[in-house]
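Student: Sequence:
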Amino acid sequence: MSWKENCPPRESSKKFDKNDPSTYTSSCGGRFSLSDFEIGRPLGKGKFGSVYLARVKENGFFVALKVLFKSQMSKSSVEHQLRREIEIQGHLRHPNILRMYTYFWDEKRVYLVLEYAQGGEMYKLLKKRVRFDETTAAVEDDFQFMFQMADALNYCHTKNVIHRDIKPENLLIGDEGQLKIADFGWSVHAPSKKRFTMCGTLDYLPPEMVAGKEHRELVGPVGVFMHDNATSSYYFH
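Count the sequence shown with full-length UniProt numbering and you get residues 1 to 237, in order.
Just so you know, these hints were derived from the structure itself, not from any lab. Incorrect hints may have been included.
[To be verified] Derived pair list, reagent style DSS-like, types lysine-lysine, alpha-carbon separation capped at 25 Å:
(1) LYS108 / LYS75
(2) LYS159 / LYS47
(3) LYS124 / LYS47
(4) LYS47 / LYS127
(5) LYS45 / LYS108
(6) LYS45 / LYS75
Note that the coordinates shown come from a computational prediction; the quantities given were computed from them, not determined experimentally.
Please take these sequences and the hints and turn them into a complete structure.
Tutor: Structure (structure tokens):
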């Protein structure tokens, strides 16, 4: 069965907005193709592909273009995971959640058109610190990040969405210095808010998940992240 036959439904009949690429689409996958973009520098690389800075030729709007290879995803049997990522992230609307505008595909690749977070990864920002900066400004910034993360996760939970992989590499910084939760590849829609699957990144897994017990939407990884941020060391090491 083809990707097109399985792709999640997209919103249609939207009013065109030159600053919102999602309004350029009207059906499954939309009218975008790679030729609609000018591809710039790489922003990151993952197991199944890479992310590039790109500009929409039609109006110069900057986006992050995530390019995933179908062959690699098929080899690892994660096609369903990508469809779930598109289904979930594509419908979330929160100032501290990275926007997925739309997606399209060709014979070999799937492309996700994402909001461009100019500040880059929180992980790289934290690596520049030798230790937690105790200046008043730095402390206020860190508390603001924690508040924004908690607010975004609370929004997800009201939508019955569990992210399941909160870590510095999946937290980006927007153009105004605001936190953006990204990478919903492990996320799941769970109306019961109960899960048993062990997934995510080991350094940030809650103890009940490691123990193979039932776990809910509680945000244990946020506490671990706060510790790591404050001490420049890993909590579970």
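Student: Evaluate each hint against the coordinates.
Tutor: Structure-based check of each hint:
1. A threshold of 25 Å between alpha carbons decides the hint, and for LYS108 with LYS75 the separation of about 13 Å falls inside it, so the pair holds.
2. With a C-alpha separation of about 28 Å, the suggested pairing of LYS159 with LYS47 is violated against the 25 Å cut-off.
3. For a cut-off of 25 Å, the pair hint linking LYS124 to LYS47 stands: about 19 Å separates their Cα positions.
4. As the CA atoms of LYS47 and LYS127 are separated by approximately 22 Å, the hinted pair is consistent with the 25 Å bound.
5. Under the criterion of a C-alpha separation no larger than 25 Å, the hint pairing LYS45 with LYS108 is consistent with the structure, at around 17 Å.
6. Between the alpha carbons of LYS45 and LYS75 the distance comes to roughly 18 Å, so the proposed pair stays at or under 25 Å and holds.
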